Amino acid sequence: MEQALFLQRIKSALSRYSTEEEARVLAAPARPKTGFATTLEAKIERFKAEVGELHKVQVVRVGNWDQARETIGRMLGERGATSIALAGDYLKPAAPFWKKWNLAADLDSVEKADVGVIQADYGLAQTGSVALVASPGKPRTASLLPPVCFFALSVFDMLESMASLMEELERRHQNGGMPATVNVVTGPSRTADIELSLTVGVHGPGEVHVLLVG
Amino acid sequence: MTTPVGKFREKSREAMASPLLGPALKNATDKFIAGRLGTLPQLGEPESLKQEAREVKVRCIARLDQLTAQFAESYRARGGQVHFAADAQEARQILLSIARENAVKLVAKSKSMATEEIEINHFLEGQGIEVVETDLGEYIIQLAKEKPSHIITPAIHKTKEQVSSLFHEKLGTPETPDISEMTRTAKRVLRNVFLKADMGVTGANFAVAETGTLTLVTNEGNGRMVTSLPRIHVAVVGIEKIVEKLSDVPPLLKVLPASATGQKITVYFSIISGPRRPGETDGPEQSHVILLDNGRIDMLGGDYRESLYCIRCGACLNVCPVYQAVGGHSYGGTYPGPIGAVVTPLLHEEDAKYPSALPQASSLCGACRDACPVKIDLPRMLVSLRHDGVLHPAGGFSARVTGMAEGVAFRFWAWAAKSPARFHQAAKLMRWLFKLPGFKGLVRFFPPASGWAFARELPEFPERFGWEE
Numbered sequence: 003m004e005q006a007l008f009l010q011r012i013k014s015a016l017s018r019y020s021t022e023e024e025a026r027v028l029a030a031p032a033r034p035k036t037g038f039a040t041t042l043e044a045k046i047e048r049f050k051a052e053v054g055e056l057h058k059v060q061v062v063r064v065g066n067w068d069q070a071r072e073t074i075g076r077m078l079g080e081r082g083a084t085s086i087a088l089a090g091d092y093l094k095p096a097a098p099f100w101k102k103w104n105l106a107a108d109l110d111s112v113e114k115a116d117v118g119v120i121q122a123d124y125g126l127a128q129t130g131s132v133a134l135v136a137s138p139g140k141p142r143t144a145s146l147l148p149p150v151c152f153f154a155l156s157v158f159d160m161l162e163s164m165a166s167l168m169e170e171l172e173r174r175h176q177n178g179g180m181p182a183t184v185n186v187v188t189g190p191s192r193t194a195d196i197e198l199s200l201t202v203g204v205h206g207p208g209e210v211h212v213l214l215v216g
Numbered sequence: 019m020t021t022p023v024g025k026f027r028e029k030s031r032e033a034m035a036s037p038l039l040g041p042a043l044k045n046a047t048d049k050f051i052a053g054r055l056g057t058l059p060q061l062g063e064p065e066s067l068k069q070e071a072r073e074v075k076v077r078c079i080a081r082l083d084q085l086t087a088q089f090a091e092s093y094r095a096r097g098g099q100v101h102f103a104a105d106a107q108e109a110r111q112i113l114l115s116i117a118r119e120n121a122v123k124l125v126a127k128s129k130s131m132a133t134e135e136i137e138i139n140h141f142l143e144g145q146g147i148e149v150v151e152t153d154l155g156e157y158i159i160q161l162a163k164e165k166p167s168h169i170i171t172p173a174i175h176k177t178k179e180q181v182s183s184l185f186h187e188k189l190g191t192p193e194t195p196d197i198s199e200m201t202r203t204a205k206r207v208l209r210n211v212f213l214k215a216d217m218g219v220t221g222a223n224f225a226v227a228e229t230g231t232l233t234l235v236t237n238e239g240n241g242r243m244v245t246s247l248p249r250i251h252v253a254v255v256g257i258e259k260i261v262e263k264l265s266d267v268p269p270l271l272k273v274l275p276a277s278a279t280g281q282k283i284t285v286y287f288s289i290i291s292g293p294r295r296p297g298e299t300d301g302p303e304q305s306h307v308i309l310l311d312n313g314r315i316d317m318l319g320g321d322y323r324e325s326l327y328c329i330r331c332g333a334c335l336n337v338c339p340v341y342q343a344v345g346g347h348s349y350g351g352t353y354p355g356p357i358g359a360v361v362t363p364l365l366h367e368e369d370a371k372y373p374s375a376l377p378q379a380s381s382l383c384g385a386c387r388d389a390c391p392v393k394i395d396l397p398r399m400l401v402s403l404r405h406d407g408v409l410h411p412a413g414g415f416s417a418r419v420t421g422m423a424e425g426v427a428f429r430f431w432a433w434a435a436k437s438p439a440r441f442h443q444a445a446k447l448m449r450w451l452f453k454l455p456g457f458k459g460l461v462r463f464f465p466p467a468s469g470w471a472f473a474r475e476l477p478e479f480p481e482r483f484g485w486e487e
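Line by line, the protein sequences are chains C and W. Number 22 in the numbering used here belongs to position 20 of the first sequence; there are no gaps in the numbering. Number 26 in the numbering used here belongs to position 8 of the second sequence; there are no gaps in the numbering.
Only chain W is shown next, with the shape it has when bound in the complex (with noise of 0.2 Å):
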């Protein structure tokens, strides 16, 4: 099959038909819905806590226009270079031509999806710049030349064997049942990282447009290496990261860990101004920060506003029946999940293998809504992509197809439906239709039945109804 849709399920089979990752997937969303509902009621009232973190997004995305110039002129009054990037290509361009003027060699990353999003890693080295991921789950994954699959723990896919192995090739260590020696190994290497690089990138997830500060939150310590220790540090922040003043960031802080692993607050929240002020003996001679576009105006500027005020804390991944059974891996970009469902088709993202199809790798269940600390209505805008792409050219042949099948299917239905002599008539037909040889078999292969057919049995159709009792 070649459709977006058709890709998106030979994916998800695949994913399906590994027997190691639906007990990765099962244990790791467990443990953090578990976590989110556990920690959040110690917080406050969930609710309020939500509503609180919500209004603190709408108010700042509604301003972004002040607030993201008032942070430019904040964050040089501290000290730092802020640059402007439209899209990813330029994002690359601008880390590029830092690096080139500093004759930075080596780059110590911390994770970050804004540059996941722009896919600096292979960029740079192919510039000759060696770039290290430095969090524990993403230098898995970049030892192993793969995308992260969960957003806050990114190699939740792989089984302990496997990074055993993966460290024994690749780093010549011996194979270990125990994690904590593989974590040993991964510091001792990223130890050296850390000390020899000259540049440290990072992402931001509360950028203050008063003060010129940006915020990262970590568990590791390698947030405050990539700050602290190279002698440049450039962060690639999405618009949407920044607020207005720093009494907005607790509200948001509150419901972020406690949402993603089901923490208070993560170990280390770094609140960086700019670069080491005269005197100091570490911390960075010179600060960038790259503030990115990439779709993001657009999205302001539409229905979809709503989903910038995602604070990718993951909560609507662990609770997302679709995720729980295909993985990170099946959305085929950067952003898996109900959330990347909605922003990886409207995020212009090189990478992404078929974002018209994510849209309807729902189940418009709405677990997704109740599970986000900053009550983003995702099933409304996933609805919404999927009206866009019926309507839309770009939306594709089958696209169209399904989607004229359906309005054909449901103007017959409101038409039977409106008078009870002609839905007894109808209903009468479907039972002679559902008793001839082979019906089933053939209307499962047309839409509007093929799509849920997928991977369903077609029922019976009733001899009587519920309410002809």
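This is chain C alone, in the form it adopts within the complex (with noise of 0.2 Å):
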């Protein structure tokens, strides 16, 4: 149907008929934001909370991203990666460092890698959630596909809630720059489809963990 027509029936259905509600709602001032965190640590330790009560999801802090490719590492050497997604500026600036793994550089080994490592944009406290924008250096797959991943993300890149990450994409917006993609993710890709038992790692990674930076 033209945009025109189908707009236009719009227009007339919503003049045929109306509420009260919809004239209090619509007069009504806009709502305060609400908040929880003041500080930021008390958003990191909102984070861990919630993080500890998903499904077996480590949370890890470290004082520097030097420390955090170390123990980066260390993780991949104590579960015999040999192949890894790496996404994120943060973690590549000491190339030499990841001499030791295959870096996966298309899908095709995306898809095949032991496990992804992905420098997070932003963490949400309120729900144990990290935020990963798409752009050149950071594939969406890289996330998806392997089985493990494990998340690096800056303490100050750590947000209070959901509706904190929206105002933050505004503010992108309002500068031109909404990003095509941004995946919220928090825990292991799960289903609960059979009888309700849940399953982890259905079709993303099973395994998830979280590395704090700062």
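Hints in this document: simulated from the structure, not taken from any laboratory. Keep in mind the model is a prediction, meaning the values are calculated, not measured. In this text, a Cβ means the ideal position worked out from N, Cα and C, and glycines have one as well.
Here chain C is said to cover these stretches of chain W; the calculated rule only asks that three of the stretch's residues, wherever they fall, bring their Cβ under 8 Å from a Cβ of chain C: (1) 171–180; (2) 196–206; (3) 283–294.
From these two lone chains plus the hints, build me the complex, please.
Below is the structure:
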């Protein structure tokens, strides 16, 4: 159907009916923003507590990005990983560091990688989530196709909640930089579609861990 | 029986006769109810969370003309293409032409009620395009050639033994009692589909007008797969999903997973604004959105507008005593339970089997209204639909007879109840009638008693009323 006709039909349907509730809601001032965490440490504590409730997600805090790389290297060694999908500038500068592993360069090798190692862009304290912004250096699939995923997050990117993330995206939009995709990830991929029995790792990673940096 | 109500009853009897369905429904609805009641209070005061969510929908639906126009403009500004579909047939044609133009052979779908409503799978398959459902529950019912029976867990009616033999039969895997093994099988098969598919088809939970953004909630990750790997993404979106701005999303997202599965948030929440940007190595090269009317604009223009506030969480199904007994398939359409009983007669759903019967499929107990995270007054609309059904010739002969008989009965009641003398005389008459041999047997076959007595014993007429002590 033509856009103009479609919109005209909506408009005329709206004009045929209205409620007092609509008048009241449309006239009401916007709700004030509510927040819970005042300090960075409070947000980090909340994040850790929420992650603790998720399915077997470990959260480790390290002091800086060098330590983050070392810790990730140790975790990769412990599980005998040979190939990884690496995404994120903060992880990359020490390129020689990653020589021990095959770094996935295309979709095919991302699909075969043992672990995805991803620099997360934001953390959401209220739900223990990480937010991943797609960009040329950060493919969507690096955090999706491998069976295991490590997220590294700078504590200074810790936000309070989904509402704060939306404010952040709103700002990016105003500056003309709305990302094509942002994925908010909370724990391992799961399903309960057969007899409501919880099973992890159905399509996405079945195991995820978080490193807090800073 | 051939009336719509008769068909609903027939289907319900079949469902209730199944020894497996009852326990499966009880297990699922009990768990979901407990999840919702346990989680909502952790996120805030439930009543104010619901009120805040409702107000977002009230405001956005009241301005839907402007917001739809704005969404179309912003989505195009993000590099996407916008299509408008008046009905299911037009939506399918649009999908087909996008597929044809791009030589699409394989479509990977993530779970979406809107695409169920317009039934694209058979249609595209008839055109030589393979369509695979990738949500585990949807995949199971696609293999079984069935319809979803619950909005959230579509294969709620299947036991693990049934799934195991289904996989054995269709995929050739050995029978197993292990649910994780079945899940691994599905993962392996569907991973291939994700990698090979040319087109990903999804719905959207919320569409943001200001930024041209679509958002998707999933737990398995299939929503991410179909919006990351295939070169074309098409979202089929009912117009009621449009909200004004990004900050409208969190109040709705707060109550959605909590009311659906009892999660604080789903594992994945994807915020998608058009195709991949220059330099990106994955994500769709082409993005389309099909904005769907299919009866929604008519609903907008009257008393049923409120049903467009629905965020499809399934909470009303879980608490409904009718749904708990008869399950989703008895409703004969895409949307079961109380919300289905309201929207199925209003949507132009070609496959709905007996939409006009569904407003009767309720005891009007009000549990659905109390459970609804956006406080939709479902009982009010069910009563209103019954009223329309009685008045409207399309309601069918039986609805009119029932309506007339009920009208006569209530008029008699009003007349009798207005005077104590008449009331006592009438009560005497009823006592006498009830004692006549065969009267009770006879009365249960005629409206209005027939509907009530369908599944109940007619009681004795009381010798004295409570207040006469």
